[in-house]
Amino acid sequence: MSTAALDYTRELPVVEGRPTASELEATIVAPLDQFPSRTWWIAFSVTVSFLTIGAICVGLTIYKGLGLWGVNQPVSWGFDIVNFVFWIGIGHAGTLISAILFLLRQRWRTGIARFAEAMTIFAVMCAGVFPLLHTGRPWLPLYLTPYPNQHSVWINFTSPLIWDVFAVTTYFTVSLVFWYLGLIPDLASLRDRTTSKIKKLIYSIFSLGWRHSNRHWQHYERAYLILAGFATPLVLSVHTIVSFDFAVSVIPGWHTTIFPPYFVAGAVFSGFAMVQNVLIFVRQAFKLKHIITLDHLEKMNKVMIVTGSMVGYAYAMEFFIAWYSGNQFEQFVFLNRALGPYAWAYWIMVACNVVFPQLFWIKKIRRSIPIMFVIGITVNIGMWLERFVIVVTSLSRDFLPSSWGHYVPTMYDAGILLGSFGLFFTLILIFVRVLPVVSIAEAKAAVEGAQPKHH
Amino acid sequence: MNEQHLFSITALFDIPDEIIHAAEEADKAGYTRFDVNTPYPVHGMDRAMRLKPSRLGVFALVFGLLGAFGGVAFMTWVTLVDYPLVIGGKPFWSWPAFVPIAFEVTVILASVLTVITMIVLYLKFPNNAHPLHDTLYMKRVSSDKFGITIQADDPKFDEREVRAFLGKMGGKDIAPIYFDVEELNHRQKLFNPKFFSVLAATAFVVSATTYVVFNKVLYMEPFSWMSTQEKLKAQRPSELFKDGIGMRPPVEGTVARGFLPYAFKGKPDEAGKDLVNPLLPTKEVLERGKSQYLTYCSPCHGNFARGDSRLQGQFPNPPTLHSDKVRNWPDGNIYHVLTEGQNIMPSYTSQISREDRWAIVHYIRVLQRAHNAKESDLK
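So the sequence lines, in the order shown, correspond to chains F and H. Residue numbers in the first sequence follow this note's numbering, run continuously in steps of one, and reach 455 at the last position. Residue numbers in the second sequence follow this note's numbering, run continuously in steps of one, and reach 1379 at the last position.
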């Protein structure tokens, strides 16, 4: 489809061409039945190597203690919290696509929803590692839950860190349930088409005995709608609560009311960049270009302009409020961000998050795969640096100059960050091999002519 | 196959309009026990089958309210009743701080329980023993066909009529579905050896893991609550020093703060001449002196300083303190003996503080006076 021929007044076809339902199914499940290609093995060995490096660093951290990290007074939150916020943010695109766009009847979500949801789950898994390690006793997570114990003391329900525990747990559980609910009909289809006995057993167990019955579809669709309804405020609440970790404190640069919307916008921004980046590979590798179309990628780029501009607005507003508040500590913190020892991080962040995504206003760039890929990567670098700037600059120089410090991460910090990327992409590589990356049932329903004409 | 094991008659259709039409007609013809199987939800099918709207929303509402009120009620109970704790000087019941958790609990209960309700209550899953499973019909509707199945337990069911009806609708591959006779007659037994051994193995693995984790792993590094730390602890050896001792003695000539070394070492006469009791014999000092005397001195010298304790005969006898020699000693001499020791008596510097030693001296004077009281004292 050429660029000039696009007519935006008409709704674009969700699936290009008119593949029949069985062709569509065959395309989507093809990677599940083939032996992985050489490229896959190369990618897999790279990601598993990263994962191993991370696992070694985590093991050493558990054995030796947090002294291996660069954190110390006054910067007691370092890479651990930066990475946590980063990964939680990555997850937000998935829920946004699967829940909010579902409620808004954005049918183009069909091709990318399943993949984005899986990404949410994997990203939250990566995120969860960091606060757990940050506690210093990762084998005692039970202490974070309100359970009756022999000390007869409860957790502090007024602490933002406990809110975080509840928010992230809920987010992970609901995302998993939502994702699994979407998978049930697809697993039934896989069960009925596979010839392998072992696969059939596994699919049978997980499809629960789904029969594609309309008496079931009726409740199923309602449940999906209800879940989308709950996931929508949930996704907004999760990064809001993450931002409370900062905003409820009294550290200059953190104690601001703009944080919740600013964090949510940033999360969606980075999440879309990640989804776009990975989908570019997936659609290429698995010949899904007619299901994950260029139009879908373009729409995601548009979401990135919107959220990127919101993030840029927030940066400007933070400076304005610091000046307008007349509070010398606030004013200093923001001058320090732009001109202090971490100015390099600040200006790379501004370039990556505010300047480069604006190129997407140009249609040619919006529809050029290599350029959008590069911009997607810069957005994620920028968003990671945003969290770095927020966490580190505020802590390293707050009220008393006598207690200022400088944060330098160690190789263990870097190793665990690398390991989290390894975990994320390893899980993705496994996912694309064992489960359909596009919802088969939804894609079949979205083909032209899939729905009755006179209704 | 017996006639009585017939489950239903099925037919397949190619396009959604046909299946909608077939469903409408089946409903009109009065069939109630029929179902439609489509690879994806077909719009308008619920209307065609005249299905009542799903009531899952009611469940979601109930579960959501349960989460919201249950969450707030629990936090209220914890902060007001079970363990009220002042946090940041705020009221015990700081309800705004409960909002985030109440919201999250609402969402998780409503979502998860709604889905479980749907799967268990409405869909009656998991169920892999339905007669439609593993049939050609199921394989086709799972992929790209639209199927209708009219069940044999329908009050209006008549095999020939149903076949004719489906044919009239344009259905293809009209076929009967039978119950799997083997499955019908096959009842799983609890004491099936295979099942039982899996159960036993699971129980063994779970209990073994629990035992190892709670009794072994938790006492291993680094899970042992930091019991091993790379620092010098009192009474522990250390390779850092040549003598291998972790605790270091003070450097020679070290003087404790506020204390001068005893100046009359080996000089009892000078001590007697130059030392003066710094304490006044007040009631408190004498009480103190008494308690210290009874603790440290009386075991040998006796409660009344007569040298008559129960240790007599086991050691060279401790002398009485009522001899003329001791009575005529200046305070400094007695203090010197307490400090340095004499004959078999060791030094008491490490047990009795300087002040307490002087208090003991006062108390010894009291004993001496009491023991050798004059007539005039009785007046």
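Possibly wrong hints are sitting among the right ones.
Here are the computed distance ranges between Cβ atoms for each label pair [to be verified]:
id: 1; chain 1: F; residue 1: Tyr147; chain 2: H; residue 2: Pro1091; range: 22 to 32 Å
id: 2; chain 1: F; residue 1: Asn149; chain 2: H; residue 2: Val1217; range: 15 to 25 Å
id: 3; chain 1: H; residue 1: Pro1222; chain 2: F; residue 2: Pro146; range: 18 to 28 Å
id: 4; chain 1: H; residue 1: Gly1089; chain 2: F; residue 2: Phe281; range: 30 to 40 Å
id: 5; chain 1: H; residue 1: Leu1121; chain 2: F; residue 2: Trp323; range: 54 to 64 Å
id: 6; chain 1: H; residue 1: Thr1282; chain 2: F; residue 2: Gly65; range: 48 to 58 Å
id: 7; chain 1: H; residue 1: Asp1243; chain 2: F; residue 2: Thr52; range: 39 to 49 Å
id: 8; chain 1: F; residue 1: Gly67; chain 2: H; residue 2: Asp1274; range: 23 to 33 Å
id: 9; chain 1: F; residue 1: Val250; chain 2: H; residue 2: Pro1261; range: 45 to 55 Å
id: 10; chain 1: H; residue 1: Pro1096; chain 2: F; residue 2: Phe319; range: 49 to 59 Å
id: 11; chain 1: H; residue 1: Gly1089; chain 2: F; residue 2: Gly65; range: 28 to 38 Å
As a list, the in silico DSSO-like pairs of lysine-lysine whose alpha-carbon atoms are at most 30 Å apart [to be verified]:
id: 12; chain 1: H; residue 1: Lys1139; chain 2: F; residue 2: Lys197
id: 13; chain 1: H; residue 1: Lys1124; chain 2: F; residue 2: Lys197
id: 14; chain 1: H; residue 1: Lys1052; chain 2: F; residue 2: Lys453
id: 15; chain 1: F; residue 1: Lys453; chain 2: H; residue 2: Lys1168
id: 16; chain 1: H; residue 1: Lys1273; chain 2: F; residue 2: Lys200
id: 17; chain 1: F; residue 1: Lys289; chain 2: F; residue 2: Lys453
id: 18; chain 1: H; residue 1: Lys1194; chain 2: F; residue 2: Lys200
id: 19; chain 1: H; residue 1: Lys1189; chain 2: F; residue 2: Lys197
id: 20; chain 1: H; residue 1: Lys1139; chain 2: F; residue 2: Lys200
id: 21; chain 1: H; residue 1: Lys1168; chain 2: F; residue 2: Lys289
No lab work stands behind these hints, which were simulated from the structure alone. Don't be surprised by glycine CBs; every beta carbon is placed ideally from N, CA and C.
Tell me the hint numbers this structure goes against, listed in increasing order. The structure conflicts with hints 4, 8, 10, 16 and 21, although it agrees with all the remaining ones.
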